[in-house]
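Residue numbers (the numbering used here), protein chains in the order written: chain A, 1 to 286; chain B, 1 to 362.
Note that these hints are calculated values from the structure, not bench results.
Don't take every hint at face value.
Quick list of in silico lysine to any residue cross-link-like pairs, SDA-like style, CA-CA up to 20 Å [as the list claims (entries may be wrong)]:
id, chain 1, residue 1, chain 2, residue 2
1, A, K190, B, Q135
2, B, K107, A, R197
3, A, K241, A, L36
4, B, K105, A, R197
5, A, K276, B, M92
6, B, K76, A, F196
7, A, K276, B, R132
8, B, K105, A, F196
9, A, K276, B, K184
10, A, K175, B, P90
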Amino acid sequence: MGERFSFKNGAIALIVAWTLIFIMVPNLLVGIVSFLERDAQDIVKPVFTLESYRALFDPVYLKIFGKSFMYSSVTTLITLALGFPFAFILTRTRESLQKPLLLLVIIPFWTSSLIRTYALIIILKANGIINTLLKAAGLIDRPLELLYTDLAVYTGLVYTLLPFMILPLYSALGKLDHSLIEAAFDLGAKPVEVFFRVVLPLSLPGVMAGSIMVFLPAMGLFYVPDLLGGAKSMLLGNLIKNQFLVAGNWPFGSAASIFLTILMLALVFLYFRTMKQFNTSVMEDI
Amino acid sequence: MAETIVSLKRVTKQFENQMVVDDISLEIHKGEFLTFLGPSGCGKTTILRMISGLETCDSGEVVINGILSNDIPASKRDVNTVFQSYALFPHMNVYDNIAFGLKLKKKNTSIIRDRVEEALDMVKLPGHGERRIQQLSGGQQQRVAIARAIVNEPLILLLDEPLSALDYKLRKEMRLELRQLHRKLGITFVFVTHDQEEALILSDRIVVMNHGKIEQTGKPKEIYEEPENLFVAQFVGESNLFNGEVTHTHGDQMEILVQGVTMRVRNRRGLAVGEKIQILLRPEDMVIQRVSERCNQPCFPGKVEELIYKGTTVDLVIRLDTGKKVFVSEFFNEDAEEIFYGQGEAVGISWIQGWEVVLPHG
Numbered sequence: 001m002g003e004r005f006s007f008k009n010g011a012i013a014l015i016v017a018w019t020l021i022f023i024m025v026p027n028l029l030v031g032i033v034s035f036l037e038r039d040a041q042d043i044v045k046p047v048f049t050l051e052s053y054r055a056l057f058d059p060v061y062l063k064i065f066g067k068s069f070m071y072s073s074v075t076t077l078i079t080l081a082l083g084f085p086f087a088f089i090l091t092r093t094r095e096s097l098q099k100p101l102l103l104l105v106i107i108p109f110w111t112s113s114l115i116r117t118y119a120l121i122i123i124l125k126a127n128g129i130i131n132t133l134l135k136a137a138g139l140i141d142r143p144l145e146l147l148y149t150d151l152a153v154y155t156g157l158v159y160t161l162l163p164f165m166i167l168p169l170y171s172a173l174g175k176l177d178h179s180l181i182e183a184a185f186d187l188g189a190k191p192v193e194v195f196f197r198v199v200l201p202l203s204l205p206g207v208m209a210g211s212i213m214v215f216l217p218a219m220g221l222f223y224v225p226d227l228l229g230g231a232k233s234m235l236l237g238n239l240i241k242n243q244f245l246v247a248g249n250w251p252f253g254s255a256a257s258i259f260l261t262i263l264m265l266a267l268v269f270l271y272f273r274t275m276k277q278f279n280t281s282v283m284e285d286i
Numbered sequence: 001m002a003e004t005i006v007s008l009k010r011v012t013k014q015f016e017n018q019m020v021v022d023d024i025s026l027e028i029h030k031g032e033f034l035t036f037l038g039p040s041g042c043g044k045t046t047i048l049r050m051i052s053g054l055e056t057c058d059s060g061e062v063v064i065n066g067i068l069s070n071d072i073p074a075s076k077r078d079v080n081t082v083f084q085s086y087a088l089f090p091h092m093n094v095y096d097n098i099a100f101g102l103k104l105k106k107k108n109t110s111i112i113r114d115r116v117e118e119a120l121d122m123v124k125l126p127g128h129g130e131r132r133i134q135q136l137s138g139g140q141q142q143r144v145a146i147a148r149a150i151v152n153e154p155l156i157l158l159l160d161e162p163l164s165a166l167d168y169k170l171r172k173e174m175r176l177e178l179r180q181l182h183r184k185l186g187i188t189f190v191f192v193t194h195d196q197e198e199a200l201i202l203s204d205r206i207v208v209m210n211h212g213k214i215e216q217t218g219k220p221k222e223i224y225e226e227p228e229n230l231f232v233a234q235f236v237g238e239s240n241l242f243n244g245e246v247t248h249t250h251g252d253q254m255e256i257l258v259q260g261v262t263m264r265v266r267n268r269r270g271l272a273v274g275e276k277i278q279i280l281l282r283p284e285d286m287v288i289q290r291v292s293e294r295c296n297q298p299c300f301p302g303k304v305e306e307l308i309y310k311g312t313t314v315d316l317v318i319r320l321d322t323g324k325k326v327f328v329s330e331f332f333n334e335d336a337e338e339i340f341y342g343q344g345e346a347v348g349i350s351w352i353q354g355w356e357v358v359l360p361h362g
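I would like the entire structure built from these sequences, with the hints used as guidance.
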């Protein structure tokens, strides 16, 4: 009987308490604030209003959402295009090499991504590593404008989020039975056909998981566009940050934040629904 | 003579410094049922994969239907494979699995439908097209795998241990169906197995392999009754081996001394006096006699150690007086109860002269 109050329950209680205090309560506060009126002195006035949500549909903000969506989508596609071949080759390399190669993917996590973003600035800036090298090689005489461009923002987002794409893809492709690929070749499929008819459909769970894990953070990763895109790149993440830290409009920042959360929930819901369908039609018994 | 459909010329393959296929040359005849038989790791599957194009050879030539095919990819060879694990596409239903090859060839839909249905009939799964792969039993998946290959009307059907995952009863059933299918389709079947019984039952010809080399090629009867060496003899069927020596030769006859008994046998291999030999006897070729009765020569005395009743046969383990263990299999005859020897009973072991296989001592 005493076991019921043992370590296991203690651990669970701790996690529940942690989740309640540091995740549920802050989110609840954000939710409440998003329905309140802005106040210059006390940040918020306890008066109910839907003004913040109405403001979300202001064309200026809709444009930011659209742009964020574009950045996130393109980032997702690029990481997918880069991560898929990488993960596929990784699953086909010798077992003894797979772990070290995976480690190379994970090592960057050991450094704060903020610091890694600063490192990118050093590489990309006017008198940075790339321009210096190109100039030394005599390929250019004026430095290329690399920093504070869309290219820089994409570079930063892709660089930061690529591991989140590779890891789920690696796990999904690792489960792929190689004899299915051979069977497709045997039946007359060209490499492209093998990829689109067999490999891709069977690794869809990994593609979905990876895409969500890249798309959602890309929406909120405010410091990457901030540092690499300069003032030009205002994304959803930056918008939220600015509302809290610069504009002092907490209710609007909260509303935008809630919007992002709902978007995330919708995507996760979509993911689970697809997975459920996938599970009952494909993954079962293999 | 039969037309050649596949010709392997001095083919070799190495995996990590290990010779998997070691200088093999072989002709596969059009329309035959050829089986590669051997223990795991003998190179039989690698040869199959070279024919399918899923594996390349390090040296030598693979000629399919008169065309040097070393550099032709699997997708362009008129050869289809039934994989050991079936390798059915889990994200497609039965119909789409079978239609996979035809769709890639851009056949028109109504032709595809007819051919798939025909293939389903052929493997005795009519009306199963809409089923999901996961809904099928192992035997049914096996049939779909076969249908998916034969629907493309390949020149050669390759089967990589296709029955090994089935239970005994189903395996026996599928063997018969494979034979019928082979007869009906008339195409060349190349089969790989480690199961000697399967090889004997199914094949027109058997290629026995070991360590990447061919030990013997021949009809099932030849392989079983006239094994060329000890490996083939021991791999195909159970056998009793006795060491001996040639004592006299007279033309195509010779006298040999085995277990202290001198006997006269045919000298097929031109063995000389003094040469060490081994004689091989299948358990079912042995005759067991009570010592009380007259024991036909050659007669090895011994005692019954164990008796195993198997329904159609009774298997006995006899310990000869020389200490050697011998396996004897007697067909069970309900009227003749005398087959039930008592444990420890003294008996004599003999065999029908001429049924022994004499091999030079390896």
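Sort out which numbered hints this structure fails and list those numbers smallest first.
-> Numbers 1 and 9, in rising order.
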